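Student: One-letter residues, chain by chain:
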Amino acid sequence: MLQYTARRLVVLIPTLFAISIIAFVIIQLPPGDYLTSYISQLAANGEQVDQSTIQGLQEQYGLNKPIYVQYAKWMGGLLRGDFGYSFDWRRPVSMLLWNRLALTAIIGVSTLLLTWLIAFPIGILSAVRQYSIGDYVATFVAFIGVAIPEFLTALVLMWVAFAYFNQSVGGLFSGNFVDAPWSWDRVLDLLSHLWIPVIIIGVNHTAGLIRTMRANLLDELHKPYVVTARAKGLPEWKVILKYPVRVALNPFVSTAGWTLAGILSGSAIVEQVLNLPTTGPLNLRAVLSQDMFLAGSIILMLAVLTVVGTLISDLLLAWLDPRIRLQ
Amino acid sequence: MLLPVRQPKPSDALTLPPDVLLRIEDLRTYFPLMEGTVKAVDGASLTLRRGRTLAVVGESGCGKSVMARSVMQIVDRPGRIVSGRMLYRRQAGGSGPNGANGADGQSGADGQSGAAPDVVDLATLSPGGAEIRAIRGEEIAMVFQEPMTSFSPVHTVGSQIAEAIRLHHAVTKQEARERTIDMLRRVGMPRPERHVDEYPHQISGGMRQRAMIAMALSCSPQLLIADEPSTALDVTTQAQIMELMLQLKDEMGMSIMLITHDLAVVAEMADDVAVMYLGRVVEQADVEALFHDAKHPYTQALLRSIPQLGRPVERLEVIRGMVPDPYNRPAGCTFHPRCRFGIRGLCNRIEPPAVDVAPGRQVRCLLYGGAGDAPDTAAAVGARVARMAHLQAGGAGNGAAGAAVGGGADAR
Amino acid sequence: MTATTPPLRLTGAPPSAVPTGGLPSDGDWAFEPDETGIAQEDRVFVASPWKLVWWKFRKHRLAVVAALTVIALYFVAGFAEFLAPYDANAYSAALTYAPPTTPHVFDAEGNFHARPFVYGLSQTVEPTALRRVFTIDTSKRYEIGLFVQGSPYKLMGLIPWDRHLYGVSGDGVILLAGADRLGQDMVSRVIFGTRISMTISLISIFVSFVLGVILGGVSGYYGGTIDNAIQRLIEVLRSFPHIPLWIALSAAVPKNWSALKTYFAILIILSIVNWTGLARVVRGRFLAMREEDFVTAARLVGSSERRIIFRHMLPSFASHIIASISLAIPGSIIGETSLSFLGIGLRPPVVSWGVLLQQAQNIRSVSQAPWLLLPGLLVVVAVLAFNFLGDGLRDAADPYAR
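Chains as they are written, first to last, in my numbering: chain D, 1 to 327; chain E, 1 to 412; chain F, 1 to 402.
In case anyone wonders, no lab produced these hints; they're calculated from the structure.
This structure is a prediction, so every number in the text was calculated from the model and none was measured.
Be aware that one or more of the hints could be misleading.
[To be verified] Below are the DMTMM-like pairs computed for lysine to aspartate or glutamate, each with C-alpha atoms no more than 20 angstroms apart in a straight line:
#, chain 1, residue 1, chain 2, residue 2
1, F, Lys51, F, Glu291
2, D, Lys242, E, Glu198
3, D, Lys223, E, Asp76
4, F, Lys59, F, Asp293
[To be verified] Label-pair ranges, simulated between beta-carbon atoms:
#, chain 1, residue 1, chain 2, residue 2, range
5, E, Leu316, D, Val137, 25 to 35 angstroms
6, F, Leu62, E, Leu316, 42 to 52 angstroms
7, F, Gly223, D, Leu117, 34 to 44 angstroms
8, F, Ser365, D, Arg90, 48 to 58 angstroms
9, F, Arg364, D, Leu190, 22 to 32 angstroms
Built from N, CA and C at the ideal position, the CB exists for glycine as well.
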């Protein structure tokens, strides 16, 4: 197991390197260099452009140097926790990033856990009672759930809440907690808001996972080892839960990283619709104002989050499945 | 209905002759599917006596596996036992080597009351119920065809065996483990202390099948059902596994129901043979009688399709045609379209009843009874019987000339 | 059972031709094997694989309905100008958020009219809330006609015409699904949106497919280092959550680009992410197929690599690929819709479902005019249809599997 973990960690390094390159490419994407656009933006606002600041920035990011030097400087900064400077917010990116990233991660992970919690039992029942009415209902609901994009669910929910209950749904904190320091009350306040985006994003992914679980389990249910377990005299529920469900969990766990990526993807747009203080709206605003250090950092960190999720799911899988651990 | 038929009367009490362990009567197990109902077992009857090995032979798809699973009530959904009886004599209390009885409390309290072992009709037990679960694994155990896939890939071999022991006997984890190791040693696994903690993919196919046998025998069952236990193994390992099963059968005083399509295995292992065709047992006999004096045309054809020592033939016979589509089986005798002795107007109309041709020997073929006694019927049957006798004698007597020549002569 | 055997193998001798050597004589049998009904199965044995796929697909009712829906959507996309009563960008300030005008056959007095009609709309301003309120003006009736004359257009961009499927006579308006903020007919807008959304998703999946087949095929066929490199690339790309990545990539699309340029830019952005899924499918198939006996056989008789790939391998998994494409299109539709919805994808005056949904971002507008969500319904219908279609195709793709 240790050896396996070590091997997975080593494989992680080139992946992270590739991710950083893609993020850097994104930073470089908009035509022209961002400092120039920053200066012209300042000038357009009639603000004084401080030459020394510009020189400092040019120096810091190696803007007049070749591209690989720029990458090296940027990468060096990353390793020291410096994500660059947000020209739009006029603050270092790292000051903007961490709080929002943490909230995004909380939403992502809670959604993942919720979807599993709902999808497992329904998927199991759906497979064990294949072609029953419950199975048809679950399958139908799952199909619908997959087909409705998250932002549409969010829109409809907001509309219903606004038009029929005169409630506004959105945000993650009540007014008096928005800028308050972390406290127990703030956590409770967060939880009381959190369930809305979690459920909206969850609906879509639960639906998909129910179908995956059902398909996985159907593949396993008729395997000989299940008959073996039954022939021992085990009660039926124990036969199902201890053997095929256990095996059907493996592909589930192994794709948890991608599920997380899918959740983060959907959550980006739901966050925008619900106006949450997370990375989604920040990313959008950064892109619209071509604030590319910020946009690139967000993309980078979301990818890192997914990669870490994949790593955890891989380790979990190895722990669950001896065939992988012992190969 | 017809003459010497053995139709179980509904009023029959649950009794069995003392030497009989299991008697299946007119068992029907159907699979209702969207395309139609598959009658996997459709009126099978057979008798398994104590301490003997009964081989159930037949082509693939004849329902032998489903029948074996029906005995344990582990037929896969949507399969269901529709009718028939499976009379089974419960194991006497405390027959296990450690004197442990039915264990987990909820099971068979009534069966262990000290009186003579009860006879139960397995067909009436609910597949998920406590009583059949107390029988499964404890009294009737099963060895499966695929040693690779019959073990869960994510649990150790030992834990899967120990689970069966702990399920039926009140023992601690440690005791169960020791018994598991002991059992693995008995089935000839080298270094059982090490293999007990290994996963199925870490040991070879032959060893896996040994472990499977160890699991089946871990609770000292009185009946072992072996469903093609050697098919997936190479020939040498096959022989070892068969040898091992026979040896353990004698040591533990079990009965074995051996499901196979391999007549060589039958000849080597079995005491009795039941031949199945399309969900029915068409002939049951002891092994000697079957190989030397097969009664049913299907059995005869089956035997002619394997090479025999000392009887060189230019080409082996094949049974004409294919196994019919499972959704619509032929009416009357299901073998009639492929039977060289079929009689138009009889075989495709009348379902042959089981006929006792000798003690402990049944055949389901109109040539041996059940066709009715109208004069022309008797004549037709008589002609076919004569031809069959001639063919059998000719085939045996001509030796090298083989069945083809004998048959050709007969046709003129 | 992988059942990827090429068709030739299945056209074997019918069961009745089983050699009967060693039997007495055939005339001696009372029954012919045909009587068992075995012969009827021949149809299955001689049918071509595509025929088998079709037979199997046909059994999947839902998939057939989905296929018809998809065909209908592309029909709408192709004949948008004819099907829509109004121009995509025709507007009328007087009709802002006008409610749907429902067709009637009975008028206010209860008289029956053989031709359906709509009533006129009149608008009043509510004095207190300063809100405009529409009332139905039953004094004006406008008959609904088929093939009515309207604004001229070029059908399929070629044939000049001026007929529209339906419309009303005179100065009336027909708004079957209400109007939006600019007083534009939602039905017409959605019909034109269908054209853009359905084509951009299809073309972007086609681009992804070409990329996927090339890279996945290379990866699966050659294996080794190339395979490893491509697999790592896919893994890295897949660790980026799609929508944030799309959002970031759209930063590269200059705002002053023309509609057509933006259309292709968005199309490429969608493809950059989407090819990975298809490449994985193709690679998996190639890996499985490389081991198949018929491929080995082809290699042993000296077929060239090209021939093996194009004559033997590709045809045997073409049906799987089609199924995967069908299952990939929904992601592309949602991608386009999401980007346009956020205002960083397609932009007006281009009309797509996502562009239309932008108006629904404002919850007040939605509560005033819920029909603004209509494009969302179309998204759901399209995604469902492609999913069911893909599911049916996937099940049918392996006609030899049981």
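Student: Please write out, lowest number first, the hints stated earlier that are contradicted by the structure.
Tutor: The structure conflicts with hints 1, 4, 5, 8, although it agrees with all the remaining ones.
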